[in-house]
Amino acid sequence: MFHWELLKKTALLGTERHPLAPEALPASIQGILSKSNKNDAEGYFLKAAAVLYNYSRVGQNPAKITLPNLALEDAETLTYCPPKTVTLWKKVLDVSPANPYLLELLLQNCHQKQWVLTDDLLVNALNNTPKQLLPQLHLLLGVRGKWLTQFNESWQITDASLGITQWEEGKIAERKAYLSELRLQNSAEALSLLAQAWPSESAKDRKSLLSTLKIGLSANDEHFLEQIHNELTKNLTSPKPVTLETIHLINELRLSIQGSRFGKEVAEQITKCFTKKKGLLSAIGFSSANYQLQLPESETSFWNGDEMNRRFGFEKLSSQKGVSDSEYWLQSLLRWLHPSHLITFFEGNLSRLVEFFVNTQSKNATAYLYAFSEAMAFASADEIKAFLKVTAQLEVQKTGLLQQLPWPDQEELLLHHFQLSFALVKAITTEGPPQNWSSQFSKKALFSLVKELDGSNYYYVFSDRNFLNQLGRKLHVSAKDLLYSLQNELSQEWQRNYWNTHVADILFKQLEIKEEIEQITAL
Amino acid sequence: MNFLTEDQVSQLAPDASSLKAGKDLANERKWLNYQSNERVLWGEVQGSGKDPYRTQIDLQNTAFKCSCPSRKFPCKHGLGLLFLVARRNGDIPQLTTEPSWVSEWINKRSEKAEAKIQPPVSEEQDSEKTDKQAKDKEKRQNERLLKVEAGIAELDLWLRDMVRGGLLTLPEKGNAYFEKMAARMVDAQATGFASLVKEFTKINYYKGDSWQPQALEIAAKIHLQIEAFRNLDQLPPLVQEEVKSRVGWNVQQKELLENKEAETIDDEWVVIGRRTTQEEDIVLQRNWLYGSHSRRFALVLNFAYKTAAIETPLVPGNTSKARLVFYPSHSTFRALIKHHLESKTFLPTSLEGVENWQLSQVEYTRVVAQNPWADDVPQLVEQLQITKHQAHWYLQDTTGAVMRLHDAIEEAIIWKLLAFTAGHPTTLFLLRQSTSVWPLGIVQNFSYQLL
Chain A
8 MFHWELLKKT ALLGTERHPL APEALPASIQ GILSKSNKND AEGYFLKAAA
58 VLYNYSRVGQ NPAKITLPNL ALEDAETLTY CPPKTVTLWK KVLDVSPANP
108 YLLELLLQNC HQKQWVLTDD LLVNALNNTP KQLLPQLHLL LGVRGKWLTQ
158 FNESWQITDA SLGITQWEEG KIAERKAYLS ELRLQNSAEA LSLLAQAWPS
208 ESAKDRKSLL STLKIGLSAN DEHFLEQIHN ELTKNLTSPK PVTLETIHLI
258 NELRLSIQGS RFGKEVAEQI TKCFTKKKGL LSAIGFSSAN YQLQLPESET
308 SFWNGDEMNR RFGFEKLSSQ KGVSDSEYWL QSLLRWLHPS HLITFFEGNL
358 SRLVEFFVNT QSKNATAYLY AFSEAMAFAS ADEIKAFLKV TAQLEVQKTG
408 LLQQLPWPDQ EELLLHHFQL SFALVKAITT EGPPQNWSSQ FSKKALFSLV
458 KELDGSNYYY VFSDRNFLNQ LGRKLHVSAK DLLYSLQNEL SQEWQRNYWN
508 THVADILFKQ LEIKEEIEQI TAL
Chain B
1285 MNFLTEDQVS QLAPDASSLK AGKDLANERK WLNYQSNERV LWGEVQGSGK
1335 DPYRTQIDLQ NTAFKCSCPS RKFPCKHGLG LLFLVARRNG DIPQLTTEPS
1385 WVSEWINKRS EKAEAKIQPP VSEEQDSEKT DKQAKDKEKR QNERLLKVEA
1435 GIAELDLWLR DMVRGGLLTL PEKGNAYFEK MAARMVDAQA TGFASLVKEF
1485 TKINYYKGDS WQPQALEIAA KIHLQIEAFR NLDQLPPLVQ EEVKSRVGWN
1535 VQQKELLENK EAETIDDEWV VIGRRTTQEE DIVLQRNWLY GSHSRRFALV
1585 LNFAYKTAAI ETPLVPGNTS KARLVFYPSH STFRALIKHH LESKTFLPTS
1635 LEGVENWQLS QVEYTRVVAQ NPWADDVPQL VEQLQITKHQ AHWYLQDTTG
1685 AVMRLHDAIE EAIIWKLLAF TAGHPTTLFL LRQSTSVWPL GIVQNFSYQL
1735 L
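Chains as they are written, first to last, in the working numbering: chain A, 8 to 530; chain B, 1285 to 1735.
No lab work stands behind these hints, which were simulated from the structure alone. Please read these numbers as outputs of a predicted model, since none were measured by experiment. Fair warning: there could be bad hints in the mix.
[Unchecked claim] Lysine to aspartate or glutamate pairs mimicking DMTMM-like chemistry, simulated, CA-CA at most 25 Å apart:
(1) B:K1672 - A:E80
(2) B:K1421 - B:E1547
(3) B:K1304 - A:E12
(4) A:K221 - A:E275
(5) A:K323 - A:E354
(6) B:K1628 - A:E275
(7) A:K433 - A:E496
(8) A:K516 - B:E1328
(9) B:K1538 - B:D1420
(10) B:K1538 - B:D1565
(11) A:K16 - B:D1445
(12) B:K1672 - A:E160
(13) A:K97 - B:D1291
(14) B:K1505 - B:D1659
(15) A:K396 - A:E354
(16) A:K45 - B:E1511
(17) B:K1304 - A:E523
(18) B:K1314 - A:D471
(19) B:K1423 - B:E1328
(20) B:K1505 - A:E80
(21) B:K1672 - A:D126
(22) A:K16 - A:D47
(23) A:K271 - A:E259
(24) A:K45 - B:E1501
[Stated by the list, open to error] Here chain A is said to cover these stretches of chain B; the calculated rule only asks that three of the stretch's residues, wherever they fall, bring their Cβ under 8 Å from a Cβ of chain A:
(25) 1333-1343
(26) 1546-1559
The beta-carbon is built from N, C-alpha and C at its ideal position, and this holds for glycine as well.
Let the sequences and hints guide you as you build the complete structure.
See below:
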């Protein structure tokens, strides 16, 4: 800005009210102005302004001041990514926003090779890496990249780990997050922390914190649950709704513990209703269908509405048409009860167990099996696998159970036992950790996508970029050869165009990138 | 083969959607065929039409032709083909013999280029016709001069009224007050003054007092230009040309290219930076060049209406072997490309700049003294080190002198500068203003890194 202060008053007030006094101006400027007509106040002022403007522009030498030397002194000791990988990085970062799943794979493979990013990649990589992948990116930044992060806060890793202060001083959501995290790492310590805090917690917070015990629930939790159950149910006259809800949660947890006393009690009540059929075949135990479900027709001390509502929070009466009250309560209990009780009852034979539910002479047969499949989440991996095999064609909770199995087991089930629906492909694609699908399974998955598109008039699910991104990460790279030919499976022109532009183009590019990322480890 | 990098291809995209579409087309499967040789790259791509589109790229002069109906330039197919080649590091099928639809186009371009180098000897003009044309031109010039003089007299009165009453009343006047005077200047065929008056409308009058010196600065510039025009006869001929150009007497491109007296320089020109801005409906592309042998700076401007195409062989970061013709002016940078031979990705020679800010200031002063209207002065300054003080970024030379980076500079430029230099001294091309600088790129040995 030029010597504004010298002209300010005249400029703001105007030459009429405050003519310019040239005495304050630099001598050289006064010299130039001396040739001008002072009586032409406006012309005189404008000339002064014009001359001073240029005088200021050229008359100031840059200041000499002491500023911090930011230069990085340390030299890089690690190896830089080779040129081919630099090109690959540019390709991955070029898509905006970058596919985080492929980026993660690239980060892992480069880290495996102990490479660091070249200077020309640093800014682009730091700007386009999602926050959750920043810790992995930092492993590849090298000396220069790490030095660079000090200048931009959004490039720095924020310490997301939860500390004990969050538990002691945080809001309920933070405290719950801390307890959940601790429960994953050390369930006993988390239980002990909760037990210590329990007496001083509000009723609402108790319920909220108690739900964290679902993580890593085991027999070690039973004593605490029994204890708080006794405390809460003692002298219970007119409890608040939140207290009742806490009691129901305690009972749910107690039921879900393998081998718990309470679970055994309830299982006994349930299996009492599994009665042996009369007849020749059942007498010699020939058929697995030799049991039938016979729920009590009138209320008993266990099978009654008040009891079910008080202990578990179930409705006193069934609201489902054609489903009796006791059928509804059984269905609800099956969802919570640890599956080992019924598996043991059927002598470890899951086929017989499933057959029993399927053959139940009830409109609720499907619901029983579905509820039981939810409880199967507490079973062992072998039991889950066996259960999924026998229920492959039945309506049960599949996605959640599949995810408890290692990927090769999942793939075996999906390839050889399951009908692969689009919904199932989408669920296993978007839920669960990244896996590398086999070429055989990738093919089957892509066919299910095409089939889904073929049967629809307008299909928008492929516009879900996250789904396609995850698919690009999981599909086998050989699937790219199949992508464009799959259009031949589609019956309408618009579907073929849609497939090519909205699916094949995107996945092809991603699989090309994936292929190159996979080649890194072979370098 | 001479291929562009992905970064350079991105610079050619007319807009973000073309860039994205171009990248999507960098997929081999989309192309029915694609080949190249040393001078041309071509391919056929299936679009929405019945016949495939034919895309051709002149590799030596970075020119495009495509049979698609797109009005954008280059179209997504041209960009896609270049991206494809960049991703394959130039490794694409080579074919010496071009198909006829390619050779037809590229041969025509070569013929035109040769014709530009050696213009045919003009036939003897009919002297009577020439005299008449000259007289008509003079008549038109005189008529325009009278119009401009009348317009300037009106502007001078308006400006004097403004300073008589004081600037304090400006915020109340509203944009219409300035736009009306700008329109009067357009009517008076003094478009340069119209642009200056419009600068008043760009000031934020509601952000503290900072508008006050800004407004006076514009008033001072207008007055300087008025006075220069009124005293035109007393100025040296080249300064006269500069003043006339500032007022709005634009030298026609054709006229300049045909002007045998205009200064021309053959050199290997490094395209040191490009800035594209839009004022109302006009897109202005500024290309800053540096002659690696002549050590001259040049500014090549390209204009387009709204989204219309800007065709230029200049690729930022590359070196163009070309003949430039300079506009007549004292100390001007503005030039036109008279002939473009080829584009290279490396610097042809090592480049040396001024050693420190003091010498940069001397050079800046020289330019401003010759041309007080000069805004951005391009320079090559050595041994500059980026540093930070109280949320502002600076470039410090080896003597400890500092220049502040322009406030409007994008953060990305600062991050790149840090990443490439690690805070160590480096040689930079930059645009120098009186109190701040705008870095354009880094010179490292024989390579130039755009920022």
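Here is what the structure says about each hint:
1. B:K1672 - A:E80: Holds - the C-alpha atoms of A:E80 and B:K1672 are around 17 Å apart, at most 25 Å.
2. B:K1421 - B:E1547: Judged against 25 Å, a Cα distance of about 24 Å means the pair holds.
3. B:K1304 - A:E12: 50 Å, violated
4. A:K221 - A:E275: 23 Å, holds
5. A:K323 - A:E354: This hinted pair is violated, its Cα atoms lying about 33 Å apart.
6. B:K1628 - A:E275: Roughly 85 Å between the alpha carbons, so the hint for B:K1628 and A:E275 is violated.
7. A:K433 - A:E496: 20 Å, holds
8. A:K516 - B:E1328: It holds: about 20 Å lies between the C-alpha atoms, which stays within 25 Å.
9. B:K1538 - B:D1420: This hinted pair holds, its Cα atoms lying about 18 Å apart.
10. B:K1538 - B:D1565: Roughly 24 Å separates the two Cα atoms, so the pair holds.
11. A:K16 - B:D1445: 16 Å, holds
12. B:K1672 - A:E160: 15 Å, holds
13. A:K97 - B:D1291: The given pair, whose Cα atoms are some 10 Å apart, holds under the 25 Å limit.
14. B:K1505 - B:D1659: Holds: B:K1505 and B:D1659 sit about 11 Å apart, inside 25 Å.
15. A:K396 - A:E354: 18 Å, holds
16. A:K45 - B:E1511: 16 Å, holds
17. B:K1304 - A:E523: 22 Å, holds
18. B:K1314 - A:D471: Status holds; Cα separation ~23 Å.
19. B:K1423 - B:E1328: 54 Å, violated
20. B:K1505 - A:E80: The hint is violated at about 47 Å.
21. B:K1672 - A:D126: With a Cα-Cα distance of about 20 Å, the restraint between B:K1672 and A:D126 holds, given a limit of 25 Å.
22. A:K16 - A:D47: This hinted pair holds, its Cα atoms lying about 18 Å apart.
23. A:K271 - A:E259: Cα-Cα ~13 Å, so holds.
24. A:K45 - B:E1501: 21 Å, holds
25. 1333-1343: violated (count 0)
26. 1546-1559: Not satisfied, violated; 0 residues make the cut.
Going through the hint list in order, the structure does not satisfy hints 3, 5, 6, 19, 20, 25, 26.
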